[in-house]
Amino acid sequence: MRTFDYTRVRGLEETLAALGEPGTQPIAGGTELVNWLKEGIEEPRRLVDINRLPLRDVGFADGVLRIGALARMSDVAADEIVAARFPVLAQSLLLAASAQLRNMASIGGNLMQRTRCPYFRADTAVPCNKRAEGSGCSALHGDTGAAAIFGWSDRCVATHPSDLAVALAALDAVVVVRGERSERRIPASEFIRLPGDEPLRHNELRAGELITAVEVPGGAERSYYLKVRERASYEFAVVSVAAVVRAEGGTLTGVRLALGGVAHRPWRLTAAESALVGVDLGDTTALRSALAASFTEARPLAGNEYKVTLAQRAAVRAIQEAAA
Amino acid sequence: MTTEGLVRPDGPAKLTGAARYAADVPAESALAAALVSATVPNGRLAELDAAEARDCPGVAAVLTRADLPTLAELPSPPLGYPALPLQAEEIHYEGEPIAIVLAETLEQAQYAASRVRATYTGVREPIAFGEAEDVVPHSGHVLGGTDEEKGDAGAGLAEAHVTVTATYTTADRHHSPIEPSATLAWWEGEQLVLHSSVQSVAVAQQTMAALFSLPPEHVRVVCPFTGGGFGAKGYVWPHLPLAAAAAKVSGRPVRLVMTRAQMFTLSGHQPATRQTVSLGATRDGRLTALRHDSVNASGRAVDYLENTTHSSTWLYASPAIETRMRVQRVDRPGPTPMRAPHEGPGMFALESAMDELAYELGIDPVELRLRNEPDVDPMTGLPFSSRRLVECLREGAERFGWAERSPEPRSMREGNDLVGWGVAAATMDTFRAPSSAKVRIGADGRIVVETGMQEIGTGLPAMVQAVVAETLGCDPGDVEVRHGDSGFPPHAGTMGSMSAMGLGSAVQAAAREVLAKLDGRQGQPLAGLLAESGLTELEAEGRWSPEEDALAAGRSARYSMHTYGAIFAEVRVDADFGVVRLSRAVTRYAAGRILNPLAAHSQLTGGFAWGYGQALLEHSDVDPVLGRFVSKNLAGYLLPANADLPDLDAAFVEDDDRFANPLGAKGIGELGAVGVAAAIANAVFHATGRRVRNLPIRLATVLSEP
Amino acid sequence: MNQDTRLSLTVNGEEREIEIDPRATLVDALRDRVGLTGTKKGCDRGECGACTVLVDGRRVLSCLTLAVTVGGAEITTIEGLAGEDGEPHPVQRAFLESDAFQCGFCTPGQVLSAVGCIAEGHAGSPDEIREWMSGNLCRCAAYPQIVAAVSKAAVR
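Residue numbers (UniProt numbering), protein chains in the order written: chain A, 1 to 324; chain B, 1 to 706; chain C, 1 to 156.
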């Protein structure tokens, strides 16, 4: 870890001014940044401790749930409004990481997580275009079992690891970010970026900007987060599904679905969402064929064809659980 | 068997943070060490640029090959890997240390280490397991023969009514003790002092003395507590000689703590195996032939043999048995024994094949095993010293409710879950090694036992208290156990499931000697006896060794001497996702007399978790291009977590093996990890109809079409 | 060259002024600067839970906490858990009685995590304890005994 200057800030303007300086990184829970520092993934000259900024509140007003970026995962999951009106959100938080990490990690920091691809996380530098532009993608010749089936490029086949981001994508949430001059509102489903030709750009946050809040519209009482993993706890998803549904008399009238573990951003199943309207909830075969509409564009690699099957089955289960 | 019994005397220290592990030992003016590791799997080091690192704040030195003393050459074992780092330009494996950075603080040392640049020459594409030639191994890791044969297996298979032949694989796995290996080293003139995380202070002392050409008494190794080892700290790995050499060169104490990533390359692993088992049987389920071939991965310069096929020579009666083991020398760090070695991977193959045979024959898998129970050792003809496998199978089946099982695969379903029941036998070889201990009685009647053994979690201090209490008729709490110093009477090591036998017998001998010297009887107050003898203090040393004609690793030449068990597992497999969860398990074991029921029970449930990890979670993959373990961390390499394990019904059947040692005890540390993977795989077959022959059982495999 | 900054840390109720490298994590600060080695470093990456301590009463991982960020906070380590008279904490007592540890290396983290788990109200059933204690790996796998110990301590 390279040494750095450490400063505590208390106000947003002060923070944004500090972040405007090159080589400056904000630190909140530290559960991701400290690991990057240890691996040399990031080598900032200056760390700005933003934990004392007044961005911890969780509140529901005018039909919108607003979560301060510094609210801790455990606190948001335990919030009564979140638990009652946005079960998918609470579930995505509680199925992530461990109790200790959830006590530490902030909502904004959660969205800033980078991939768990083992080559990106390697103890010594190995070819990885997310570590060093142009160094290559080791995963392409190595273990592709955990790789993406959607939206990957020949530069990077990694997936993003956030459970929360998947739930927020299905909820049509917005990530609110502030720069020195302006505020931007980025759809949660687009905040984390596909690798394309720029795998080093992990997300849409620009230099000098800070996530200040996440806003979630409306309620989503009938919603569910399903996480498939091999270890019973404390593991990133193999595949996950966030489902938000409306139904009348056993028939789907509206569905929003996002997948985790299949791409380097939460993967909305927009084609399937349309096809699912009018489908009987008890008709698993019909649910499956409606879902297939979104999987024609799946491009599995040699080791991860199973995810195509798994993701569709998980989506069916999540829809049924959400409606139950 | 109850779990009531002895509370661990080491408990209060461990529960309050007072127990000192190697990295906890304070040392004035100690330098923090950080290693720089090779990033290629072979070739030679061409250039090492340490200029930037040397200029980093706090750096005392960057040591390269030129700075280090030349160490004596030793084989593996006792070294983990026979080529020590910084002794040659050749790179033996990815992760091999190529420089040591010494600095005032850990932060400074680690940063400077990241600033050392290396270039390499002659690097070629790595050779992976499966691509090299199968060779007959030659090393101290070969226990007994690599090839054993009785009768004509070819003929036995030809005349069988039913045969089963299948190939099974087990994955590369890492021990991953939660305590990373660590050494604090300093020199007092020609005296070397080492506080090190090891499974044997005796092995460390002898080996370090040999490496540095010192008499053993010039090396002191201290290790009262080891934070888990499971084999990773059994032999001598680079942290010991590198810390000692760095301390010698720098003239200051050096503390070298492995990073978690370094634990994946510098403390061994259980190598992948590929095993083929052929079974022939008559229609009524009697074996006519058993053939078991095995090959495992090893390093380029080391022949580590996973002795997988031994148990196939003694477990079932068969007129013809043929076994063969080979290794492949490939590009990777050195493997080493890991809980449970040998039978751990080997019994997955044999016990899966037995299940396949049971289905082919239409015979219940418990019944099939009972029908092939031998009277004498099938290979050697030797009598069994004690064998209670039948009791384990019967008692376990009864407790589990096995009779209720519907044999057809996919015949038990609850909601989305396919439910499956599986069984497997377990067995472990009985290794034994010498041990010694001193028992001292003070004028106040206090009893002190000293032994070189380290406390590694197996509960040996409580066992020592129990043996002394039983022999002298005193209260276990009256016995203070001091341990983990090469200045104490030597103990072979906490490995190979040998400690209770050796140490227990040595302690018993010492305690009896005390009584004999006092001309006393069990239960008489010791202070009084001492006073009557006109003494203020009395001590006696006890030793125990296996009988003189014992084979390598203390195995018996006179008896077929093993431990046994039976595992019954219930799994639930999500029919849509292929995720396997264990919902309950019953295990029964026969392992001689149990000296400390509480710790023994914990050992067996702990061992079960190792089998669970082998079955469902643990795999370290070697990258085919980079020749490195892909995920050197505990997020990528998954150990079982608390939520993985249900309540386990684990217990012992009555057993006592006076041929093994005077106490009648045998080893249990590894037995609990054996057979679990086969029982789970067999349960997965019963649940799903999908026979998984490759460990771990991944959901992708369960989901895929057979 | 000295890059250290001064930091005031309150550990187990005692305020201490230490010189600290801003890079130092809390686990290293406790072990190397404060001299409290009961807090263990298992993975240094937030993947095992061995370094769990309480910061302002919440269980957190000290290997992912930069020490400079907790200046002024109340830190509780395994050394500070016993009562003032040295009486073991109910969780420590339950661990001893239930044989909820083996090698002891993950144990300080398990004990502090258990204190947090009970305080959070997540020790209501064995299944709940299993899930909420899963952030603490135990390679000896004393898990069934840990669940029993946490259950026992929770009702005390």
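One or more of the hints may lead you astray.
Unchecked claim - Part of the chain A face toward chain B, derived, beta carbon under 7 Å:
(1) Met1
(2) Ala18
(3) Pro44
(4) Thr124
(5) Arg313
As the list claims (entries may be wrong) - Coverage of chain C stretches by chain B, computed from C-beta distances (three or more under 8 Å per stretch; other residues unrestricted):
(6) 32-40
(7) 50-64
Note that these hints are calculated values from the structure, not bench results.
Every value quoted in this text rests on a predicted model; they were computed, and no experiment measured them.
C-beta: ideal position from N, C-alpha, C; glycine also.
Now for the hints, and whether the structure bears them out:
1. Met1: 6 Å, holds
2. Ala18: Result: violated, 23 Å to nearest chain B Cβ.
3. Pro44: With a closest approach of 14 Å, the A/Pro44 hint is violated.
4. Thr124: 5 Å, holds
5. Arg313: 4 Å, holds
6. 32-40: Satisfied; 7 residues make the cut.
7. 50-64: Violated: only 1 residues of the region 50-64 of chain C have a Cβ under 8 Å from chain B.
Consistency note: the structure conflicts with the earlier hints numbered 2, 3, 7.
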